[in-house]
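Asker: Work the whole structure out from these sequences, hints included.
Residue-level listing of the chains:
Number of protein chains: 2
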Amino acid sequence: MTDRAATSSTQAVRDAVSRGAGRFVDELVEWLRIPSISGDPDNAEDVRLSAQWLAQNLQDTGFPTVEVWETPGLPAVFAQWPSDDPDAPTVVVYGHHDVQPVTPLESWEHPPFEPTVVSTPHGDRLHARGAADDKGQVLFHTLGVRAHLEATGRTSPAVHLKLIVEGEEESGSPHFAALLQERRDRLACDVVVVSDTGMWSRDTPTTCTGMRGLTDGQLNLRGPRGDIHSGSFGGAVRNPLTELSRVLAALHREDGSVAIDGFYDGVLPLTDTERALFGKLPYDEAIWLANAKSSTAYGEAGFSTLERVWARPTAEVNGLWGGYLGAGHKTIVPAEAHAKVSFRLVAGQDPLDIQAKVRDWLARVVPQGIDWDVEFYGPGVRPCLTPLDHPALEAVTRALSAAFGTEVLYTREGGSGPEADLQDVLEAPVVFLGVSLPDDGWHAPNEKVEIPLLLKGAEAAAHLWSDLARSLHP
Amino acid sequence: MTDRAATSSTQAVRDAVSRGAGRFVDELVEWLRIPSISGDPDNAEDVRLSAQWLAQNLQDTGFPTVEVWETPGLPAVFAQWPSDDPDAPTVVVYGHHDVQPVTPLESWEHPPFEPTVVSTPHGDRLHARGAADDKGQVLFHTLGVRAHLEATGRTSPAVHLKLIVEGEEESGSPHFAALLQERRDRLACDVVVVSDTGMWSRDTPTTCTGMRGLTDGQLNLRGPRGDIHSGSFGGAVRNPLTELSRVLAALHREDGSVAIDGFYDGVLPLTDTERALFGKLPYDEAIWLANAKSSTAYGEAGFSTLERVWARPTAEVNGLWGGYLGAGHKTIVPAEAHAKVSFRLVAGQDPLDIQAKVRDWLARVVPQGIDWDVEFYGPGVRPCLTPLDHPALEAVTRALSAAFGTEVLYTREGGSGPEADLQDVLEAPVVFLGVSLPDDGWHAPNEKVEIPLLLKGAEAAAHLWSDLARSLHP
Numbered sequence: 001m002t003d004r005a006a007t008s009s010t011q012a013v014r015d016a017v018s019r020g021a022g023r024f025v026d027e028l029v030e031w032l033r034i035p036s037i038s039g040d041p042d043n044a045e046d047v048r049l050s051a052q053w054l055a056q057n058l059q060d061t062g063f064p065t066v067e068v069w070e071t072p073g074l075p076a077v078f079a080q081w082p083s084d085d086p087d088a089p090t091v092v093v094y095g096h097h098d099v100q101p102v103t104p105l106e107s108w109e110h111p112p113f114e115p116t117v118v119s120t121p122h123g124d125r126l127h128a129r130g131a132a133d134d135k136g137q138v139l140f141h142t143l144g145v146r147a148h149l150e151a152t153g154r155t156s157p158a159v160h161l162k163l164i165v166e167g168e169e170e171s172g173s174p175h176f177a178a179l180l181q182e183r184r185d186r187l188a189c190d191v192v193v194v195s196d197t198g199m200w201s202r203d204t205p206t207t208c209t210g211m212r213g214l215t216d217g218q219l220n221l222r223g224p225r226g227d228i229h230s231g232s233f234g235g236a237v238r239n240p241l242t243e244l245s246r247v248l249a250a251l252h253r254e255d256g257s258v259a260i261d262g263f264y265d266g267v268l269p270l271t272d273t274e275r276a277l278f279g280k281l282p283y284d285e286a287i288w289l290a291n292a293k294s295s296t297a298y299g300e301a302g303f304s305t306l307e308r309v310w311a312r313p314t315a316e317v318n319g320l321w322g323g324y325l326g327a328g329h330k331t332i333v334p335a336e337a338h339a340k341v342s343f344r345l346v347a348g349q350d351p352l353d354i355q356a357k358v359r360d361w362l363a364r365v366v367p368q369g370i371d372w373d374v375e376f377y378g379p380g381v382r383p384c385l386t387p388l389d390h391p392a393l394e395a396v397t398r399a400l401s402a403a404f405g406t407e408v409l410y411t412r413e414g415g416s417g418p419e420a421d422l423q424d425v426l427e428a429p430v431v432f433l434g435v436s437l438p439d440d441g442w443h444a445p446n447e448k449v450e451i452p453l454l455l456k457g458a459e460a461a462a463h464l465w466s467d468l469a470r471s472l473h474p
Numbered sequence: 001m002t003d004r005a006a007t008s009s010t011q012a013v014r015d016a017v018s019r020g021a022g023r024f025v026d027e028l029v030e031w032l033r034i035p036s037i038s039g040d041p042d043n044a045e046d047v048r049l050s051a052q053w054l055a056q057n058l059q060d061t062g063f064p065t066v067e068v069w070e071t072p073g074l075p076a077v078f079a080q081w082p083s084d085d086p087d088a089p090t091v092v093v094y095g096h097h098d099v100q101p102v103t104p105l106e107s108w109e110h111p112p113f114e115p116t117v118v119s120t121p122h123g124d125r126l127h128a129r130g131a132a133d134d135k136g137q138v139l140f141h142t143l144g145v146r147a148h149l150e151a152t153g154r155t156s157p158a159v160h161l162k163l164i165v166e167g168e169e170e171s172g173s174p175h176f177a178a179l180l181q182e183r184r185d186r187l188a189c190d191v192v193v194v195s196d197t198g199m200w201s202r203d204t205p206t207t208c209t210g211m212r213g214l215t216d217g218q219l220n221l222r223g224p225r226g227d228i229h230s231g232s233f234g235g236a237v238r239n240p241l242t243e244l245s246r247v248l249a250a251l252h253r254e255d256g257s258v259a260i261d262g263f264y265d266g267v268l269p270l271t272d273t274e275r276a277l278f279g280k281l282p283y284d285e286a287i288w289l290a291n292a293k294s295s296t297a298y299g300e301a302g303f304s305t306l307e308r309v310w311a312r313p314t315a316e317v318n319g320l321w322g323g324y325l326g327a328g329h330k331t332i333v334p335a336e337a338h339a340k341v342s343f344r345l346v347a348g349q350d351p352l353d354i355q356a357k358v359r360d361w362l363a364r365v366v367p368q369g370i371d372w373d374v375e376f377y378g379p380g381v382r383p384c385l386t387p388l389d390h391p392a393l394e395a396v397t398r399a400l401s402a403a404f405g406t407e408v409l410y411t412r413e414g415g416s417g418p419e420a421d422l423q424d425v426l427e428a429p430v431v432f433l434g435v436s437l438p439d440d441g442w443h444a445p446n447e448k449v450e451i452p453l454l455l456k457g458a459e460a461a462a463h464l465w466s467d468l469a470r471s472l473h474p
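Listed in order, the protein sequences are those of chains A and B. Counting along the first sequence from 1, when you hit position 415 you're at 415 in the working numbering, and nothing is skipped either side. Counting along the second sequence from 1, when you hit position 270 you're at 270 in the working numbering, and nothing is skipped either side.
What the hints contain is simulated information worked out from the structure, not anything from laboratory work. A few of these clues could be false.
[Unchecked claim] Calculated cross-link-like contacts (lysine to any residue; reagent style SDA-like; alpha-carbon spacing at most 25 Å):
#1 Lys330(A) to Glu30(B)
#2 Lys293(B) to Leu306(A)
#3 Lys293(B) to His329(A)
#4 Lys330(B) to Gln355(A)
#5 Lys330(B) to Leu149(A)
#6 Lys330(B) to Ala259(A)
#7 Lys330(A) to Gly369(A)
#8 Lys293(B) to Trp200(A)
#9 Lys280(A) to Trp200(A)
#10 Lys330(A) to Glu375(B)
#11 Lys293(A) to Asp440(A)
#12 Lys330(A) to Ala250(B)
#13 Lys330(B) to Arg19(A)
#14 Lys330(A) to Leu270(B)
#15 Lys293(B) to Asn57(B)
#16 Lys330(A) to Thr296(B)
#17 Lys293(A) to Arg222(B)
#18 Lys330(A) to Ala276(B)
#19 Lys357(B) to Gly328(A)
#20 Lys293(B) to Val374(A)
#21 Lys293(A) to Ala335(B)
#22 Lys330(A) to Ser295(B)
#23 Lys330(A) to Val29(B)
#24 Lys330(A) to Gly256(B)
#25 Lys293(A) to Trp321(B)
#26 Lys330(A) to Trp69(B)
#27 Lys293(B) to Ser232(A)
#28 Lys330(B) to Leu105(A)
#29 Lys330(B) to Trp288(A)
#30 Lys293(B) to Gly22(A)
#31 Lys330(B) to Val118(A)
#32 Lys330(B) to Asp42(A)
#33 Lys293(B) to Ala363(A)
#34 Lys330(A) to Asp353(B)
#35 Lys330(B) to Leu352(A)
#36 Lys330(B) to Ala356(A)
Answerer: Here it is, written out as structure tokens:
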């Protein structure tokens with residue numbers, strides 16, 4: 001496509017989105033009125049209502065196949081719109097239609113389920129629970145696909161388009177992996193587009209290229225068979241609390257790196273390009289520290305704060321207990337000590353392999369006279385990462401750039417989510433198309449979304465389907 | 001005194017004790033029927049009754065002055081029997097008349113307050129709560145002083161004899177230090193004889209030469225102002241649980257010694273003689289480990305287990321907590337971490353000085369970005385130690401040797417008790433005259449005492465008053 005053709009296509013998409021914006025906002029407001037809180041059993045019917053509402057809306061949008069998929073918990077919505085080009089690539093869009101609880105209610109400026117539009121110098125802002133996380137970002141795909149058809153004159157999308165919108169994301173996606181396994185044939189695809197994240201800032205559109213994985217568990221140390229008197233015996237037997245402290249202190253080296261043997265084996269290093277692109281983000285450490293409720297940054301030597309949370313694996317103690325915890329004193333050498341530990345993982349690491357390495361390391365560092373065991377909470381979450389030069393990621397970058405008219409940069413997520421299941425079960429790369437802002441108030445009172453950014457999201461989606469049709473199967 | 005005179009005196013004391021044994025046991029049984037549990041408010045009247053009973057018994061024994069001393073809690077008993085030699089040294093005997101609770105009652109073979117005599121190959125054994133700790137060991141002093149008078153033909157003891165028998169020892173002696181301060185003039189003395197400990201074994205009479213001191217408190221570390229998400233922030237801020245672990249791991253060096261700067265300043269080293277005498281004790285590490293409910297001994301390099309618990313200072317973690325302690329997982333970097341720590345101290349160390357050194361050390365080892373404070377539980381307990389060549393200790397050694405007819409060895413106590421208050425407030429050396437056995441079941445169900453050993457205690461006391469009169473003011 002020539003520059004001129006690209007520009008004219010950009011304008012055509014923008015015009016189409018603009019024409020559909022009114023209907024889109026009206027529909028989003030309607031959907032946001034449904035309090036689809038998956039974490040509260042009292043709202044289970046609302047989550048079902050939300051699924052029905054979305055299914056109807058996707059049918060009205062033109063998806064020829066729309067199904068509500070039941071799970072042992074709350075339902076997901078599946079929709080499919082094949083391309084008239086049988087050789088077109090297949091895309092699965094992921095989002096969720098359930099929302100977080102709203103306590104404490106008194107902290108909300110506008111009632112969470114009475115969506116309220118407020119004008120600002122940056123355009124209209126829509127206040128409601130779920131506006132950004134994730135109903136607004138699911139629904140912009142209906143506007144996006146309509147604009148895609150209108151701007152291209154097509155009657156079906158340029159890609160085989162599928163949507164999977166789950167209903168239990170805010171409850172930890174307890175049945176999602178099983179659903180993916182069960183429906184993997186229906187969900188088969190070439191790329192997964194996740195619309196459940198945000199971007200750096202209003203002026204800095206970004207896409208996420210990966211999320212850290214996770215494995216966590218509980219470590220138990222046992223010394224004396226019961227608590228013993230620290231006067232009579234203290235100084236002559238090993239104290240499980242001291243030994244636990246030594247183990248946890250030994251988890252890291254002086255330079256902040258994790259000391260478990262082989263922990264970094266296979267870790268994909270950051271490329272110079274990635275570091276340079278991270279470095280272009282308008283990062284303000286004071287703002288980051290305020291969000292971290294912390295006064296000082298600290299971590300693995302040789303890495304910036306963003307690199308530490310996005311691209312480096314960690315070992316963290318999440319909880320710790322043992323011995324006497326009451327008021328005043330009880331001078332004992334206690335029988336037991338416990339810690340909850342978690343490991344964030346990056347591309348090249350595997351949670352089960354890390355569990356084995358943690359066990360091997362514990363066997364080496366826990367001294368004689370102390371019994372230990374470690375219980376991991378399940379198989380963990382694999383990290384996911386899409387390389388910068390992956391065609392699907394390049395396509396997302398171009399789509400966002402066309403929508404925003406500016407350079408697109410890259411972020412990652414330090415946390416761990418169901419995206420890894422999508423990647424692993426569907427055996428497809430995951431890319432991220434999200435337009436929420438860091439101050440949108442996810443999981444907090446006064447959640448809101450910027451309507452102009454949702455429209456940019458729709459534009460980007462419209463571009464993306466055309467681009468992926470060209471770039472994935474050139 | 002010639003050897004022959006000594007032998008004849010030994011026999012005279014033994015005969016006198018033997019003649020008084022029946023009355024002594026009858027009276028002890030009567031006293032043991034009173035359930036003087038200081039820790040249970042329901043038994044407060046019993047503790048008062050016990051004080052009255054003892055006061056009456058001491059009057060009947062011949063003490064010209066007997067007083068019940070009230071405290072804000074439960075009463076102590078004071079008795080005084082001046083020597084007819086105004087230049088005689090003054091001795092204070094310390095014991096207590098309250099007892100431990102008796103739960104679980106179903107574990108007792110004989111009802112705890114229905115004293116039961118059982119014959120054994122080693123002689124009669126008296127089963128009851130308080131038989132060994134401490135009523136039996138208080139009451140043998142009445143038999144001891146009667147035997148002392150009878151065997152020497154005196155009408156008053158060879159020393160100015162005072163008894164202070166407190167009623168709240170099993171509740172932590174909350175009012176004892178204040179009572180000592182208030183009554184220090186009445187309690188003025190040259191030496192304190194504590195009869196509230198035991199000896200090594202039936203065949204190895206010993207006396208205790210010291211007890212460790214103690215200071216303990218709570219250490220608090222604070223990182224983020226609230227719990228933060230370990231995915232979003234983990235790896236880029238200091239984790240208070242990790243930092244607490246590092247601090248507690250740094251408390252000890254590789255060789256098991258305490259790493260706090262200056263911690264060992266002034267510590268009185270064990271002499272070769274003391275180590276040799278400890279070495280003569282028939283010590284069985286398997287038995288010690290069984291009592292310690294432990295499989296392996298461990299401690300400061302270069303010291304035996306007994307040296308470690310008796311003669312070396314320690315740092316112990318008694319409790320530890322922070323972060324998420326519930327079921328399952330919550331992947332946070334927590335805001336706070338807490339530990340209860342205690343330090344056992346030996347002669348040459350001062351609790352307040354150690355508190356200052358702990359603070360200085362914490363200021364050095366806790367890193368930037370972590371706030372900390374430490375709150376000590378009061379001024380602590382000073383260690384006490386009587387040198388082996390102290391005349392009072394030599395007198396106790398001779399008295400026990402005369403009673404048991406064998407060599408007397410030395411022990412110490414790893415714990416910390418009101419003995420330090422006696423030493424500090426009365427400014428007098430403390431020696432220990434106790435005949436309980438390690439298996440007497442202190443604080444446990446089925447407490448018992450060996451009647452033949454109580455009689456040996458009475459013999460030793462009878463000898464001690466004559467000996468101290470000669471050796472303290474020669």
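Asker: Now tell me, hint by hint, if it's right for this structure.
Answerer: Checked hints:
Taken as a hint, the Lys330(A) and Glu30(B) pair is broken in the structure, with Cα atoms around 34 Å apart against an allowance of 25 Å. Among the hinted pairs, Lys293(B) with Leu306(A) is inconsistent with the structure: their alpha-carbon atoms are about 49 Å apart, more than 25 Å. For the proposed pair Lys293(B) and His329(A), the alpha carbon gap of about 21 Å is at most 25 Å, so the pair holds. For the suggested pair Lys330(B) and Gln355(A), the alpha carbons sit about 18 Å apart, so the restraint of at most 25 Å is met.
Between Lys330(B) and Leu149(A), the direct Cα distance comes to roughly 45 Å. Violation of the 25 Å bound is thereby established for this hinted pair. Taking the CA atoms of Lys330(B) and Ala259(A), the gap is about 23 Å. The hint holds against a cut of 25 Å. A C-alpha spacing of about 23 Å is found between Lys330(A) and Gly369(A), which places the hinted pair at or below 25 Å, so the restraint holds. Restraint check: the Cα-Cα separation between Lys293(B) and Trp200(A) comes to about 57 Å, which exceeds 25 Å; the hinted pair is violated.
In summary, the hint linking Lys280(A) to Trp200(A) is supported, as the alpha carbons are separated by about 11 Å, within the 25 Å threshold. A C-alpha spacing of about 15 Å is found between Lys330(A) and Glu375(B), which places the hinted pair at or below 25 Å, so the restraint holds. Distance hint between Lys293(A) and Asp440(A) is fulfilled; the C-alpha atoms sit about 18 Å from each other, no more than 25 Å. Taking the CA atoms of Lys330(A) and Ala250(B), the gap is near 22 Å; set against the 25 Å cutoff, the hint holds.
Simply put, Lys330(B) and Arg19(A) have alpha-carbon atoms about 45 Å apart, too far for the 25 Å limit, and the pair is violated. Our distance criterion of 25 Å between C-alpha atoms is broken by Lys330(A) and Leu270(B), whose separation comes to about 28 Å. For the hint pairing Lys293(B) with Asn57(B), the CA-to-CA distance comes to about 41 Å; that exceeds 25 Å, so the pair is violated. Only pairs whose Cα atoms come within 25 Å are accepted, and Lys330(A) paired with Thr296(B) is accepted, the gap being roughly 23 Å.
With a C-alpha separation of about 11 Å, the suggested pair Lys293(A) and Arg222(B) falls inside the 25 Å cut-off, and the hint holds. Between Lys330(A) and Ala276(B) the CA atoms are separated by roughly 34 Å; this puts the pair beyond 25 Å, and the hint is violated. At most 25 Å may separate the alpha-carbon atoms for a hinted pair to count; Lys357(B) and Gly328(A) meet this at roughly 22 Å. At most 25 Å may separate the alpha-carbon atoms for a hinted pair to count; Lys293(B) and Val374(A) meet this at roughly 23 Å.
Taken as a hint, the Lys293(A) and Ala335(B) pair is honoured in the structure, with Cα atoms around 9 Å apart against an allowance of 25 Å. Proximity of Lys330(A) to Ser295(B) is assessed by CA-CA distance (about 23 Å); at most 25 Å being required, the pair is judged to hold. A hinted pair counts as satisfied when its Cα atoms are at most 25 Å apart, and Lys330(A) with Val29(B) does not qualify at roughly 33 Å. This hinted pair checks out: Lys330(A) and Gly256(B) have alpha carbons roughly 23 Å apart, not beyond 25 Å.
Simply put, Lys293(A) and Trp321(B) have alpha-carbon atoms about 21 Å apart, close enough for the 25 Å limit, and the pair holds. For the suggested pair Lys330(A) and Trp69(B), the alpha carbons sit about 29 Å apart, so the restraint of at most 25 Å is broken. For the proposed pair Lys293(B) and Ser232(A), the alpha carbon gap of about 12 Å is at most 25 Å, so the pair holds. Straight-line distance between C-alpha atoms of Lys330(B) and Leu105(A) comes to about 24 Å, which keeps the hinted pair within the 25 Å bound.
Taking the CA atoms of Lys330(B) and Trp288(A), the gap is near 22 Å; set against the 25 Å cutoff, the hint holds. At roughly 75 Å between alpha-carbon atoms, Lys293(B) and Gly22(A) are farther apart than 25 Å, so this suggested pair is violated. Pair hint Lys330(B) plus Val118(A) does not hold up; C-alpha atoms about 36 Å apart against a cutoff of 25 Å. Of the supplied pair hints, the one linking Lys330(B) and Asp42(A) holds, its CA atoms being roughly 24 Å apart against a limit of 25 Å.
With a C-alpha separation of about 22 Å, the suggested pairing of Lys293(B) with Ala363(A) holds against the 25 Å cut-off. Restraint check: the Cα-Cα separation between Lys330(A) and Asp353(B) comes to about 22 Å, which is no more than 25 Å; the hinted pair holds. With a C-alpha separation of about 19 Å, the suggested pair Lys330(B) and Leu352(A) falls inside the 25 Å cut-off, and the hint holds. A distance of roughly 22 Å separates the Cα atoms of Lys330(B) and Ala356(A); the hinted pair therefore holds under the 25 Å criterion.
Going down the numbered hints, you'll see the structure goes against 1, 2, 5, 8, 13, 14, 15, 18, 23, 26, 30 and 31, while the others check out.
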